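Student: Going by the UniProt record's numbering, the residue at position 110 of the sequence shown is 110; the numbering climbs one at a time, nothing skipped.
Some clues are possibly wrong.
[Stated by the list, open to error] Below, a list of computed lysine-lysine pairs in the DSBU-like style, where the Cα atoms sit at most 35 Å apart: (1) K239 <-> K73; (2) K132 <-> K73; (3) K132 <-> K239; (4) K132 <-> K79; (5) K79 <-> K239.
[What the hints assert, rightly or not] So the derived label-pair ranges between C-beta atoms look like this: (6) G226 <-> T130: 25 to 35 Å; (7) P222 <-> M88: 25 to 35 Å; (8) S32 <-> Y238: 34 to 44 Å; (9) S76 <-> V234: 25 to 35 Å; (10) D262 <-> E23: 52 to 62 Å.
Since the hints were derived computationally from the structure, they do not count as laboratory data. Quick caveat, the model's predicted, so the values are computed rather than measured. Glycine included, each C-beta is placed from N, C-alpha and C at the ideal position.
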Amino acid sequence: MPAPANDRKARTRRWFAGFRERETWAAYAFLSPWIIGFLVFMGGPMVISFVLSLTDYDAIGDTRNVGWANYEKLLSDPKIRTSLANTMIYTVLAVPATMIVSLTLASMLHRVGRRSAGVFRTLFYLPEVTPKVAVGVLFLLLFNGQVGLVNGALGLVGIDGPQWSTDPNWVKPGLVLMDIWSVGGTVIIYLAALNNVPRDLYEAAALDGVSAWQRFRHITLPMISGALFFTLIVQTIYKLQTFDEAYTAFYGSAASAQYSNDAALFYLVYLFQQAFQFLHMGFASAMAWLLFVVIMIITIIQVRVSNRFVYYEGGDR
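Just need the whole structure built from these sequences, with the hints factored in.
Tutor: What follows is the structure in structure tokens.
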């Protein structure tokens, strides 16, 4: 009777092979919206952008292939260096400030009751839904050197506030302070991470007489290091692409033109000017690819360095 047994095994193998094939096609069907969206809205435009970066396309006249001339121009344009330096400085200031303030607020929420925490979570998140253009206009209202509310409040305690919107040394710190106003999303992420820290670790540390600072340093920070690393990556990428607030406050209207100076010339602001004011679409495409490479290099460095500091539940670092 070996033949029927072999037939059953063969049918079983064919059935499982067909099942796996059906599962594969079902998986592709569910993934197809993302795949199509990526090809249409990301992959395709990236390829087109790279092609344009090799031309002198200006959306009006004839297009000529200029090879790597746009990339060579990136090395000789002084405003590229200025805008890239401004963006880097702003990112170095804004990312740690955002993370520290968010972690502080999340720690405070973690200590209050659930009902109160829900109310404050909503209040902290509300600025996230504020249009960035409105934040840029609000910057000029709050940080005006003569009639701004910030300098007015500082004057009440005898402090002569700086010229936030015109002094090159204070433009980027002022924008960082405005950016901290909308940290609600990061606060929510940190609060969720804090809620997942096992309570028995704190109880054991308290029994051993460990101070609050030591508990925070040796228990809280390692246990939420995954969330910290995630927000570090996301915030770095986001800050390197800062545009809305700076452009609205310093370049977006005739009223704000008087405040315009190179201290607020961020990389995407200069890219926007090249693309839509001067119609240098090819050069702007080359600028976009330079920013892509810079972000990719910084992200790779962060991922490599994180292996030493990020704690995973499996015990690996």
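Student: Hints numbered earlier in the text: which of these fail when held up against the supplied structure?
Tutor: 8
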